[in-house]
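Put chain B on the given structure of chain A with help from the hints.
In order, the protein sequence lines correspond to chains A and B.
Each residue of the first sequence is one higher than the one before, counting from 1 in our numbering.
Each residue of the second sequence is one higher than the one before, counting from 115 in our numbering.
These are computed hints drawn from the structure, not numbers from a lab.
Errors might be hidden in some of the hints.
[Stated by the list, open to error] Facing chain A, a subset of chain B residues (Cβ under 7 Å, in silico):
#1 N145
#2 R150
#3 N152
#4 S153
#5 R155
#6 G156
#7 L157
#8 H159
#9 F217
[Stated by the list, open to error] Every beta carbon over 10 Å from chain A, so not counted as near; a handful from chain B, in silico:
#10 L125
#11 E131
#12 K140
#13 S142
#14 R168
#15 S172
#16 R174
#17 D180
#18 T191
#19 R194
#20 A195
#21 A196
#22 Q219
#23 V225
Note that this is a predicted model, so its numbers are computed, not measured.
Backbone N, C-alpha and C define an ideal beta-carbon position, used for all residues, glycine too.
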Amino acid sequence: DAMVIQNPRYQVTQFGKPVTLSCSQTLNHNVMYWYQQKSSQAPKLLFHYYDKDFNNEADTPDNFQSRRPNTSFCFLDIRSPGLGDAAMYLCATSRDPTGTDTQYFGPGTRLTVL
Amino acid sequence: SQQGEEDPQALSIQEGENATMNCSYKTSINNLQWYRQNSGRGLVHLILIRSNEREKHSGRLRVTLDTSKKSSSLLITASRAADTASYFCATDGLASNTGKLIFGQGTTLQVKP
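So that you can see chain A by itself, here it is in the shape it has in the complex (with noise of 0.2 Å):
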């Protein structure tokens, strides 16, 4: 079935170890996005690709990195991750980036830093 991939499902770092999370999807989408996602809180958007755009949402620290080798590929890498960065992070992959598309969405990926 065609779908949106995220792995680890969960991950465990120190304070100020690198982590890259990873997404891949089945949907040849051309728009993927990555969101934060704290405890009982709504997702929020850290930066999206379309095609190979990169659209970074102003308020993301730059702690957070992104990259989109290919179409089906998308990581997210945390340089420098802090205790306030443990989260959920979710992967979502739409077909165009005007808003009036549906998101599909992986299962996310749990970050937990130590």
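Structure of chain B alone, referenced to chain A:
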């Protein structure tokens, strides 16, 4: 800034009852979407309603949209224990062409068997 606000924050009902969740937003929109999130999982799209629509149905779901009041409601009829989840509304910005969705804080629904 937060676009959508939902109430109630938490709702607990018995199986078979109806559940109604409300969402209010601040700016004009092209469409409003509802998503469901089971505990510790990703979000699943439920329904999209466009700004020129007033009501939409999908199975046991009924969504209404009142653009004059900048509000929407999600009704789940004949609820089941499997409906237990968090429900989020999400809006785009009228002038947005980025696909950016802004999510409300969500309503946590518990359906007791």
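These are the hints, each one checked on the structure:
1. Evaluation of the N145(B) hint against chain A yields a held restraint, the C-beta minimum of about 6 Å falling below 7 Å.
2. Using the Cβ-Cβ criterion of 7 Å, the hint placing R150(B) at the interface with chain A is not satisfied: the shortest such distance is roughly 10 Å.
3. For N152(B), the shortest C-beta to C-beta distance to chain A is roughly 10 Å, which exceeds 7 Å, and the interface hint is violated.
4. Taking 7 Å as the C-beta cut-off, the interface hint given for S153(B) is violated, the closest approach to chain A being about 11 Å.
5. For R155(B), the suggested interface contact is upheld, since its CB lies about 6 Å from the closest CB of chain A, less than 7 Å.
6. Interface hint at G156(B): satisfied, since its Cβ lies 4 Å from the closest Cβ of chain A, which is below the 7 Å cut-off.
7. Given the 7 Å rule on beta carbons, the hint for L157(B) holds: about 4 Å separates it from the nearest Cβ of chain A.
8. Annotation: interface hint on H159(B) holds; nearest CB of chain A at approximately 5 Å, less than 7 Å.
9. Contact between F217(B) and chain A, as hinted, is supported at the beta carbon level, the nearest pair being about 4 Å apart and thus within 7 Å.
10. Every C-beta of chain A lies more than 10 Å from that of L125(B), the closest at about 15 Å, which supports listing it as non-interface.
11. With 10 Å as the threshold on Cβ separation, the claim that E131(B) sits away from chain A holds: the shortest Cβ distance comes to roughly 24 Å.
12. Every CB of chain A is more than 10 Å from the CB of K140(B) (nearest about 14 Å), matching its label as outside the interface.
13. Non-interface call for S142(B) relative to chain A: holds, since the shortest CB-CB distance, roughly 12 Å, exceeds 10 Å.
14. With a minimum CB-CB distance of about 17 Å to chain A, R168(B) clears the 10 Å threshold, and the non-interface call stands.
15. Residue-level check passed: S172(B) sits 12 Å from the nearest beta carbon of chain A, beyond 10 Å.
16. Residue-level check passed: R174(B) sits 19 Å from the nearest beta carbon of chain A, beyond 10 Å.
17. Distance check for D180(B) against chain A: the nearest CB is about 20 Å away, which clears 10 Å, and the non-interface claim stands.
18. Distance to chain A confirms T191(B) as a non-interface residue, since its nearest Cβ pair spans about 22 Å, more than 10 Å.
19. With a least beta-carbon separation of about 22 Å from chain A, R194(B) lies farther than 10 Å from that chain, consistent with its non-interface assignment.
20. No Cβ of chain A comes within 10 Å of the Cβ of A195(B); the nearest lies about 21 Å off, and the non-interface call holds.
21. With 10 Å as the threshold on Cβ separation, the claim that A196(B) sits away from chain A holds: the shortest Cβ distance comes to roughly 17 Å.
22. At roughly 5 Å, the least C-beta separation between Q219(B) and chain A is not larger than 10 Å, which violates its mark as non-interface.
23. Distance check for V225(B) against chain A: the nearest CB is about 19 Å away, which clears 10 Å, and the non-interface claim stands.
The structure fails to meet hints 2, 3, 4, 22 from the earlier list, while all remaining hints are met.
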